[in-house]
Amino acid sequence: MLASRMQPMALHARRLYVNLMFQVMGNALQAISEVDGKVQDEAKALPDGFLFEMMVMPNGPSLVIEHKGQGRFHYHGSSAPRAVDLSIQFKHIAHAFLVLSFQEKTSVAFANDRMIVDGDIGYAVRMTRVLNRLEAFILPRLVAQRAVKEYPSNLHLPEKIMSASRIYLKVASQFVETARA
Amino acid sequence: MTNKYYEFFCPVKVVAGKAALEHIPYELTSLGAQRPMIITDKGVRAAGLLEPVVTACEESELDIVSIYDDVPPDSSTAVVRDIAGIYRAEKCDSIIAVGGGSAIDTAKAVNILVSEGGDDIAAYAGAGVIKHPLKPFFVVPTTAGTGSEVTAVAVIADTEKSVKLPFTSSFLLPNAAIIDPRMTLTLPPHITAATAMDALTHATEAFTCMAKNPLSDAYATAAVKKISDNLLRVMDNPKDADGRLELAQASTMAGIAFSNSMVGLVHSLGHATGAICHLPHGLCMSLYMPYVLEYNLETIRQPLGELLLYLDGPEAYAATPANRRAEAAIAAIRRMRDALYKKCKLPRTLKETGQVDESQLDAIAALALDDGSIMFNPREATLEDVKAVLQKAWA
Ligand SMILES: [Fe+2]
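Chains as they are written, first to last, in numbering that gives the first Met the number 0: chain A, 0 to 180; chain B, 0 to 394.
Okay, chain A solo, but in the shape it has when bound:
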């Protein structure tokens, strides 16, 4: 590979970062679906067993979550137990990096044709709202404003701090579990 001979470290680091962010998001999605009513309401409209995937074309990093019912998500890591129902695919790792490093909002990335949707558009719209809510929760306000179209006005500081810390706690503990396993 020509590119890897030219800038091996930078490209490698970008791939690692995208991989790590997918893991953080996957764990956080599962955690947030256990504490946040708004995310639960969005998720409840998905069929039970609904598999959602975000991935980088052609065979790059990926994240798979499943709707277990009652608005709860389960993070499956990077591979799906069966064919997924909805897939959001970044056309290139560079585009995934732009979004996951919060340089380009998810909605802008859609508008910019950075990714394609394979599956029901209505569910894709719903999952985009879930991802926006997630980013607003787990990121400091300044960064989150860059990542989502509009920072939710009903996310008041105490709620945010409370929920975010609970989520961080869960993310941290799940990382430990994953590391042990």
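Source of the hints: derived by calculation from the structure; they are not laboratory data. Among the hints, erroneous ones may be present.
[What the hints assert, rightly or not] Computed cross-link-like contacts, DSBU-like style, restricted to lysine-lysine with a CA-CA straight-line distance of at most 30 angstroms: (1) B:Lys391 - A:Lys37; (2) B:Lys41 - B:Lys3; (3) B:Lys130 - A:Lys37; (4) B:Lys238 - B:Lys224; (5) B:Lys391 - A:Lys90.
Chain B with the ligand: place on chain A using the hints.
For chain B with the ligand alone, coordinates are given in the frame of chain A:
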């Protein structure tokens, strides 16, 4: 450097103006086609719009091998399968769609089946499933609104499973769009008004929503100017062929704009209202446009203000201070709606339609929130936001 990036694609040859239909034989034969099938509906045939197309072809020794004129307003997978069967039995080699959104979408789906094979159109649903160019395909629009002649999508109902199947592929785009003023000359006033307002909405949303780009902007502004210059003139004088041609071209240009930059909340609400209350699409567009623009106002102040030049002309634009232009643009659209209400009773509020019950607003809001076009609306709309817009549009 900014993060700005865009894509723009429109490979459709536009054949437009006086005696445009007579170019069909030359254009078709240059693609190697000799046995075209026409796909249309009963309304088009009853309006006498097929004769000029058929005559134009036969005079040039191009025989129309088959005419299917029974496309329903909401086409289905069964209709698509039937037409594909006739196409194969008659050994056709190309398709000419003559009509509005439904005939064009049906023809796109038929083209998938007869090019890719099989009888099950559902197998090709989704984005990017089709990987090869399809059979030669021309579109002759008979309404000036949908812009379907330049969009890469088709929606077909699967009546057995009661779902709507979306098909997306750049191979769905026709080889040519034939814009002839004769085809829209007999459109009744309320359809002329509603379809033109659909086109105006395509252009306005293309120019103010998230995927706007320099190329789609150019098409959008030109379309807005043509519609605001000609719509009311044509309403007063329906036989004005020049005005009709301007509206038809505006519709195609607005179609090129929005198929490259997408639409926003006006369309999300319109799709939901169409599904629940069965109101015509163009009517919904006209109805919702000012309320959504007001909701989006602070996010789109700059581009909306620019549109005033094309909506109301250079004098009005120059006389309006820059910080009032966005409001003035909305006012210009409201004046156009008031004039259309006077001329053909095109409703301006949900109450005026007489077909919507206030108790349905919550269901419309919920459905609109799951519509794909809401993703490209410049403001991120919550359920409460959408309900508030609907309440304003109620009366
Ligand atoms: Fe439309």
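Open item on the list: Need the list of violated hint numbers for this structure, in ascending order.
Closed with: 2, 3 and 5
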